[in-house]
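K.L.:
Here is how the chains run, residue by residue.
Number of protein chains: 2
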Amino acid sequence: MAQYSASIITIGDEILIGQIVDSNSAWLADYLFHAGFEVKEIRSISDQPEHIQQTLDDAIATTDLVLLTGGLGPTNDDRTKFALNAYFNGEMVLNESVLDDIKAFIVKKRGYLKLIENNKAQALVSDKATVLRNPIGTAPIQMFNKSGTLIVSMPGVPFEMKHVFEHKVMAELHKHFVLEAHAYRTFHVVGYPESELANKLEQWENDLPESLELAYLPSPGVIRLRLKDQVNHTHNINVQAKKLYEILGSQIIAEGKEKVEFTLGKILKDNNKTISVAESCTGGLLGHRITSVAGASAYLKGGITAYSNEAKEKQLGVNSATLEKHGAVSEAVAKEMAIGAAKAFNTNYAISTTGIAGPDGGTETKPVGTVWIGFYLEGEVYAQSFLFTHDRMVNMERTATVAMYNMIDWLRKS
Amino acid sequence: MAQYSASIITIGDEILIGQIVDSNSAWLADYLFHAGFEVKEIRSISDQPEHIQQTLDDAIATTDLVLLTGGLGPTNDDRTKFALNAYFNGEMVLNESVLDDIKAFIVKKRGYLKLIENNKAQALVSDKATVLRNPIGTAPIQMFNKSGTLIVSMPGVPFEMKHVFEHKVMAELHKHFVLEAHAYRTFHVVGYPESELANKLEQWENDLPESLELAYLPSPGVIRLRLKDQVNHTHNINVQAKKLYEILGSQIIAEGKEKVEFTLGKILKDNNKTISVAESCTGGLLGHRITSVAGASAYLKGGITAYSNEAKEKQLGVNSATLEKHGAVSEAVAKEMAIGAAKAFNTNYAISTTGIAGPDGGTETKPVGTVWIGFYLEGEVYAQSFLFTHDRMVNMERTATVAMYNMIDWLRKS
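Listed in order, the protein sequences are those of chains D and W.
Under our numbering, residues 4 to 417 are what the first sequence spells out, in order.
Under our numbering, residues 4 to 417 are what the second sequence spells out, in order.
Hints in this document: simulated from the structure, not taken from any laboratory.
Listed next, with one range per pair, are the computed distances between beta-carbon atoms:
id, chain 1, residue 1, chain 2, residue 2, range
1, D, E183, W, G252, 55 to 63 angstroms
2, W, S417, D, K416, 46 to 54 angstroms
3, D, G382, W, K276, 36 to 44 angstroms
4, W, D103, D, P52, 46 to 54 angstroms
5, W, D130, D, N209, 24 to 32 angstroms
6, D, K416, W, M396, 29 to 37 angstroms
7, W, H329, D, G330, 39 to 47 angstroms
Where chain W lies over chain D, by a calculated footprint (3+ residues, C-beta under 8 angstroms):
id, segment
8, 39 to 47
9, 308 to 321
Predicted model only: the values in this text are computed from it and were never measured.
Heads up, the beta-carbon is just placed ideally off N, CA and C, and yes, glycines get one too.
Produce the entire structure from the sequences given, and follow the hints as far as they go.
P.N.:
Structure below.
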């Protein structure tokens, strides 16, 4: 099988001065991986023409596809288009169809046409480029060819980039390359630190056939193992997956490229069940994660974030005696919170979180990172405790992730 | 002033196959910017030794500081340490103090000592490196010198990297470099698309003194303008800031590097006021953003996410007649939701969100992206409507951001 290589280059100061996280590249890398490309490198560079040109030299010399994002905005600090044109020895020309697109876009957005100089400048393209129209923004997409490498320049605004990549650029890639998707499976493993999991899998990993490649993808609360076959033998992967299940059993709690909120959502939807959440230490994150899945309103009825004891009593019906006896971060309160959410929203299931996210609030017996998660399943109630780290945001993320994985586990057991 | 340049290199397949977003680099870039460095490039590369070595060649040739993250985990797919040692022509040696740290770390984490081979391997370091101890993990930090460039290798786990960078590496940077923080101000501007803002500021921007550099930092709901002086003349910046306020007035809604949740939190804390949230289309994100600030429990009492009409009535006391007459996405419902949250949690202020996040649920009169945000201020109630994009996650983020900025605006007006 032909394996094509790719580079992703992000242009602009926003990333270099740390103002934004480069989420575009991860999205593109994931897309390219699944389309069958091997991404060799991701670079974020300034929009200095010499920097762009030198980076292009490198990327064109080593990869079959170069994707550029950013630097196409209407403001003066965006110089990518001119640098690209110079690199390919072209002339900038006004593209009338692009200008029509821009006009139509502005009319749609504002209700009337008000074209400013900055907008007109966006219709300038290189005469060396193949231009793809951008149906949802004002920056056109340009494609160039050099030394057998395809170079595609796209806007940097994430939703715009994603839209034009999916709807315009992918079709072009299929014309240029004979793409074959990677054969792979991804296993979501819970309950192990990375080093212990590696230790447990050492023998199995050493015995893997040459063509198989294993990657550890740790994130707060879960380690995903991605097993990829270089020559696309699905059979090889399946044989090894069977062995992996023999070693890890139910510690493999899900499979697939999707995040856990998709898996949980699918189970709820398929079984026509509803869920609600009662949050303390996650402050809304658990509900946010569940509702980040399109169509979540079919199963998530709602949630209550109760930071204070008063709110836990009044909104979730937690007993003041329970709070007094056990404290807010306790098994008993986690259980009463879960029951309270299920009752408030009249749902089949409910998840609750109560813990000490940090950085303050820890005690000798309940240090920062102590978390109780409660689970309500049509009348049955459970709770589990965890000790996470001392980082507030990591504790919140980990609590939300673990809560969803364990809910899936309880659902399977029940 | 000496201006030092830096590169950030992230090693490992996780980013290249799109499994994780490189948030480390943005965090480091922000930190380096404020410390006075200019970040020239951020690269994510594989852990192939030749790739690491070639990238180091480039980075050392062009920058004064090279920060490496990742590739130090205990699993077999982490090869950075050996590649670095080979690059600097060193020998790997077992460092006993690092081994002691690892043992102590494991005892603290598990309660007893169980050292596996993978852990021992983490105590191997290059004899060409200056080793910094890692107090919160098992991977040591190594520093190298070459051709006047300082190279620092750190673990890739975000909270571990941040901790060692802040507590160990920064002190070393102050020893190696004469650092002077950048002179800059950041203005948060709301209410303009990027192209219109650029148009409005064109004359002012063209007239800026040579030493001033302007960057547009757009994100959902706000554009931040960063004005930096290359030669650290705070005076120059202040003169231009005054002009900027004359042009934009109250559209500049905040200043500073912090996100809006910090600004809102500070106002509430300073005035000893409390707040609650009632969320529909943001599904918990608004509460999560507010509680992401350490110490938020002092002012955020809680929140209710009510997806269904039934929950809006039962949990927030929205009238069924209002829902029937105006629909859930309406000014009247947004107002009643805000009142309901303030009542439920007994707070001074409340914010509500109700809208169509998408991708489904849009109608002719209320397309996807239609959002109403309600504001309750000690008895007064307001609501504002917005039309955002067709991307679910962007709509959620933008709604949460705009809700907080506008709450600040209402607080200032009241």
